[in-house]
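Protein chains: 2
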Amino acid sequence: MSKLLIVGSIAFDAIETPFGKTNKIVGGAAPYIGLSASNFNIPSAIVSVVGEDFPLEYLNKLEEKNIDTSGIEIVKGGKTFFWSGKYHNDLNSRDTLETQLNVLADFNPIVPNDYKDAEIVMLGNLHPIVQLGVLEQLTKKPKLVVLDTMNFWMDSALEDLLKVIAKVDVITINDEEARQLSGEYSLVKAARAIEKMGPKYVVIKKGEHGALLFHNEQIFFAPALPLEEVFDPTGAGDTFAGGFTGFLTKTDDITFENMKKAIVHASNLASFCVEKFGTERMENLKREEVQKRLQQFKELTQFEIELS
Amino acid sequence: MSKLLIVGSIAFDAIETPFGKTNKIVGGAAPYIGLSASNFNIPSAIVSVVGEDFPLEYLNKLEEKNIDTSGIEIVKGGKTFFWSGKYHNDLNSRDTLETQLNVLADFNPIVPNDYKDAEIVMLGNLHPIVQLGVLEQLTKKPKLVVLDTMNFWMDSALEDLLKVIAKVDVITINDEEARQLSGEYSLVKAARAIEKMGPKYVVIKKGEHGALLFHNEQIFFAPALPLEEVFDPTGAGDTFAGGFTGFLTKTDDITFENMKKAIVHASNLASFCVEKFGTERMENLKREEVQKRLQQFKELTQFEIELS
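Here the protein sequences line up with chains A and B, keeping their order. Here my numbering is used: the first residue of the first sequence is 26, the next is one more, and so on. Here my numbering is used: the first residue of the second sequence is 26, the next is one more, and so on.
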């Protein structure tokens with residue numbers, strides 16, 4: 026079976042939304058990606074770093090989901106990366122209140138030997154130099170490398186970011202970031218411009234407005250499932266990335282047709298993530314719940330029109 | 026064959042977008058609705074009012090598309106309703122620069138005798154008292170009455186608006202208006218609240234982010250076709266409404282399943298409207314173009330996932 030290698034931050038998050046407030050809870054790209062991908066019962070490994078303050082029980086929970094945590098460095102005497110943010114009333118935007126890089130500042134990723142030949146690689150949001158450092162350790166060219174990034178790196182490390190963008194097959198990015206990176210307002214034109222930078226596939230995430238997959242002249246769209254309540258959007262994009270790569274790892278098929286399905290699974294899983302604070306909802310997600318919501322997804326989007 | 030009765034404004038619009046500027050061109054809800062619905066080769070009639078300054082050639086063009094214009098009153102010595110607006114750079118919002126109600130101020134709609142028994146009635150955006158006035162002239166209960174309205178009437182004539190909302194089967198409204206009308210931020214909750222006001226079906230238009238159809242616990246979503254360029258969004262919502270009601274008139278089937286198809290046709294037709302200023306694109310739209318884009322629509326949204 027194919028293997029999924031995940032690199033990304035592990036964090037303590039303190040989150041405030043219109044519905045409530047958390048103390049430090051576990052967050053960061055890697056746990057969301059890993060938990061989401063684990064719904065496909067695939068072998069995966071996380072490469073990341075935490076401080077001595079990080080709860081080992083959480084790592085055990087990941088291990089129970091078949092996620093190899095041997096690539097998660099625990100820095101003695103170090104403190105885990107901390108982020109605190111407050112969402113605005115519409116949940117579509119947020120302010121960062123505090124960032125403490127802590128052990129992430131000097132993170133030197135080490136890929137476990139068993140995963141140096143992983144077929145699918147998910148480069149979660151991190152400094153592009155760390156993402157490049159992971160690619161350099163691989164002993165076999167992966168079938169697919171997927172990159173997630175954000176505007177912060179466009180502003181602070183564009184040159185490095187463009188280097189890693191040139192090396193990946195798929196980039197996932199939100200609509201505003203796609204516009205910033207490409208200088209194009211139209212998402213169709215933005216995707217085309219980004220394809221020229223390297224990735225053959227461009228996924229543009231529009232949050233509550235769904236996600237678009239571009240490849241040459243082909244476009245596929247999946248909406249976000251309309252929910253009665255969105256409780257905490259943190260990690261939805263990472264959960265999406267985990268669902269996307271998890272499904273592709275499971276099916277071992279990277280055609281555009283199969284990527285469409287991956288986008289649907291990704292959107293479906295992301296719809297659960299936002300229902301509770303942090304990773305809580307994703308830790309206890311049941312197969313039946315996922316299947317039931319996939320059925321809703323089909324009803325939401327599928328129609329029959331005969332063309333003459 | 027079923028018939029479609031359309032009521033709505035006819036206007037001169039002066040439009041400024043980031044791409045250009047028009048002098049007075051024909052606009053208003055009714056021409057967009059009528060032209061869009063005419064793609065289904067159905068008998069329809071427009072009830073509206075213009076001034077003596079209105080070009081008769083335009084009415085002839087409508088007649089050539091099987092649109093009965095005998096219900097369009099031409100007020101001697103009167104001036105046609107005038108609206109002028111300027112779109113912001115993202116085309117998602119606009120400022121009204123000038124509004125001259127002119128003949129619309131005293132508009133007293135008269136439904137042609139042949140259309141007093143129309144099966145489908147499309148109440149385009151107008152003062153709710155005018156919309157009610159049309160319903161009162163019908164001699165036979167229509168199979169379906171669809172209402173389009175906007176925040177302007179919520180602010181200035183809410184009581185009358187609620188009266189007409191209580192009498193219709195379907196309401197089409199944009200996302201911000203749905204939130205304003207219902208007091209709910211979640212569109213799922215907003216739709217449920219609006220259903221309680223009367224309409225059994227609620228269509229929430231999200232512009233470039235697509236449209237949602239709600240009915241009890243059922244939800245259907247159709248995206249807007251991603252376009253390289255949106256030139257002028259004026260009339261897209263009316264074109265959508267015309268496609269929706271035109272298809273339902275043609276098929277004479279008002280089940281939820283058929284309404285899904287109507288939403289797809291509506292979104293598809295709206296994607297043409299925005300490609301040129303005013304009604305120009307809709308005046309010369311060819312059947313082959315519509316069919317080709319429907320195929321793109323299927324490719325954009327349809328996927329195959331087997332549920333186990």
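In short, the hints are calculated from the structure, not lab data. Some clues are possibly wrong.
Intra- or inter-copy, both count: the list cannot distinguish identical chains.
In the EDC-like style, the derived pairs of lysine to aspartate or glutamate whose C-alpha atoms are separated by at most 20 Å in a straight line are [stated by the list, open to error]:
1) Lys111 to Glu88
2) Lys101 to Asp78
3) Lys231 to Asp115
4) Lys104 to Asp78
5) Lys275 to Asp180
6) Lys323 to Glu282
7) Lys192 to Glu161
8) Lys225 to Glu254
9) Lys166 to Glu144
10) Lys90 to Glu161
11) Lys214 to Glu300
12) Lys221 to Glu324
13) Lys231 to Asp200
14) Lys166 to Asp78
15) Lys141 to Glu161
16) Lys323 to Glu242
17) Lys28 to Glu324
18) Lys214 to Glu254
19) Lys231 to Glu201
20) Lys86 to Glu184
21) Lys165 to Glu201
22) Lys225 to Glu282
23) Lys141 to Glu329
Hints versus structure:
1. Lys111 to Glu88: neither (31 Å within a copy, 57 Å between copies)
2. Lys101 to Asp78: within (9 Å within a copy, 83 Å between copies)
3. Lys231 to Asp115: Both: 14 Å inside a chain and 15 Å across chains, each within 20 Å.
4. Lys104 to Asp78: The answer is within: 6 Å in one copy meets 20 Å, while 75 Å across copies does not.
5. Lys275 to Asp180: Neither: 35 Å inside a chain and 53 Å across chains, both beyond 20 Å.
6. Lys323 to Glu282: So Lys323 and Glu282 pass the 20 Å test inside a copy (16 Å) and across (13 Å) alike.
7. Lys192 to Glu161: within (11 Å within a copy, 66 Å between copies)
8. Lys225 to Glu254: Neither, since 35 Å and 22 Å both go past 20 Å.
9. Lys166 to Glu144: within (8 Å within a copy, 63 Å between copies)
10. Lys90 to Glu161: neither (27 Å within a copy, 64 Å between copies)
11. Lys214 to Glu300: Result: close only across copies, 16 Å inter versus 33 Å intra.
12. Lys221 to Glu324: Cα proximity of Lys221 and Glu324: none, with 36 Å in one copy and 23 Å across.
13. Lys231 to Asp200: Cα proximity of Lys231 and Asp200: in one copy and across copies (6 Å, 16 Å).
14. Lys166 to Asp78: neither (36 Å within a copy, 71 Å between copies)
15. Lys141 to Glu161: Only inside one copy: Lys141 and Glu161 sit 10 Å apart there, 74 Å across copies, limit 20 Å.
16. Lys323 to Glu242: For Lys323 and Glu242, only the inter-copy Cα distance (14 Å) is at most 20 Å; the intra-copy one is 24 Å.
17. Lys28 to Glu324: neither (32 Å within a copy, 30 Å between copies)
18. Lys214 to Glu254: This pair counts as between: shortest inter-copy Cα distance 9 Å, intra-copy 33 Å.
19. Lys231 to Glu201: both (9 Å within a copy, 18 Å between copies)
20. Lys86 to Glu184: neither (37 Å within a copy, 57 Å between copies)
21. Lys165 to Glu201: neither (34 Å within a copy, 51 Å between copies)
22. Lys225 to Glu282: Within one copy, since 14 Å is at most 20 Å while 37 Å is not.
23. Lys141 to Glu329: Result: close neither inside a copy nor across copies, 45 Å intra and 33 Å inter.
In this structure, the hints that do not hold are numbers 1, 5, 8, 10, 12, 14, 17, 20, 21 and 23, in rising order.
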